[in-house]
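With the sequences and hints as input, model every part of the structure.
Protein chains: 2
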Amino acid sequence: MNSFNSIALPDALQAAGITLILASGSPRRRQLMEGLDIPFKVELTGEVDEIIPAAISPEEAPEYLARLKSAAFRPLTPGETLITADTVVICRGQLLGKPADKAGARRMLQLLSDNRHDVLTGVCLRTTAVVRTFTARTTVFFRPLSAAEIDFYLDHYCPYDKAGAYGVQEWIGFVGIERIEGSYFNVMGLPLHQLYAELQELGIATRGH
Amino acid sequence: MNSFNSIALPDALQAAGITLILASGSPRRRQLMEGLDIPFKVELTGEVDEIIPAAISPEEAPEYLARLKSAAFRPLTPGETLITADTVVICRGQLLGKPADKAGARRMLQLLSDNRHDVLTGVCLRTTAVVRTFTARTTVFFRPLSAAEIDFYLDHYCPYDKAGAYGVQEWIGFVGIERIEGSYFNVMGLPLHQLYAELQELGIATRGH
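Here the protein sequences line up with chains A and B, keeping their order. Numbering of the first sequence is given in our numbering, commencing with residue 1 and proceeding in unit increments. Numbering of the second sequence is given in our numbering, commencing with residue 1 and proceeding in unit increments.
A couple of the hints might just be wrong.
[To be verified] To give an idea of the chain A side of the interface with chain B (calculated C-beta under 8 Å), a few residues:
#1 Tyr64
#2 Asp114
#3 Arg116
#4 Pro144
#5 Phe174
#6 Ile180
#7 Gly182
#8 Ser183
#9 Leu192
Since the hints were derived computationally from the structure, they do not count as laboratory data. For every residue, glycine included, the Cβ atom is placed at its ideal position computed from N, Cα and C.
This is the structure we're talking about:
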């Protein structure tokens, strides 16, 4: 199944005509991808109307949106593998995406305070031959956050590009999260070990094989 | 209990004569501390013989060692708060510290492969008036790691300054860890939310209060 050498070097991937493309504007996803030690490039997809049909449940939403982003990308050429992803927060049955404004961010953080929530990332991998999708779930437990702590976070950090209005790798994540169950990297935006396993099956991730 | 303003600025801490000192050579602990948004300085403790008496169980070892590091520090002056910490890995009842060499690191990773283990960090906070210690525990689940994957990690990364011979924020953590239960930052070396809560009780962490 795997046509590469035991350790795939960037040259080996290039020689095999393999290009891995991450279509995401998120600097956190780029940073996480770099940790996999597989060469990739970033190329953004076109605008996507993130409208979720009524028949799609909150749990299905991130995978649906990852597929939508993949479909909005330019046509792929043989050898290209495209990665798209979408992360949402679900708390008490409510689907939380990115907050529109400060008031919305405050409402989200008030909901997450002293509560557990699930972070779901849907991932879509696509080549000219196959489409694979999967969803990863991590449960996150926040301690009670005071109104002053929420305001401090909103005033000094940037919740607006983050599902659920918080970054696990920012102050509020450091001081407010008591525990998680699942993948930490999924909370940051990419479930790395599952993504790596999928890339192995596609013959792209070949470190130590 | 708290004599500071609602948001403690560095100036406010300095004016109150408060100095927070992290006595750790670990760049990861320094990075984590920076995330708390509280001014601190790094000052190393003297050499500590990390010998654990027979009466101390593996679970008690990190807190014992954190106390030992604290005791080896120079005398504190009023207003200074000293943080010391020690992280160990416990797998199948075996206490894993830092590996001595490549063979030792390989043995540790082989033990962790396809297995669960606990990461325990003991923390000691000390002023001229009080000593507080606590231990945080996170459970980590590795998928089966191939011999080639372990060798790739040992050849390309640095396991020697890390308890259990791996960094959760390095390649092997990205691709090999299926899930964790507890604090991610504890696995990196400092249980931030518990440390923050302790600093709040000491009147030092006052963001949003």
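Hint-by-hint comparison with the structure:
no.: 1; hint: Tyr64; result: violated (24 Å)
no.: 2; hint: Asp114; result: violated (13 Å)
no.: 3; hint: Arg116; result: violated (13 Å)
no.: 4; hint: Pro144; result: violated (11 Å)
no.: 5; hint: Phe174; result: holds (4 Å)
no.: 6; hint: Ile180; result: holds (6 Å)
no.: 7; hint: Gly182; result: holds (5 Å)
no.: 8; hint: Ser183; result: holds (6 Å)
no.: 9; hint: Leu192; result: holds (4 Å)
This entry does not satisfy hints 1, 2, 3 and 4, going by the numbered hints stated previously.
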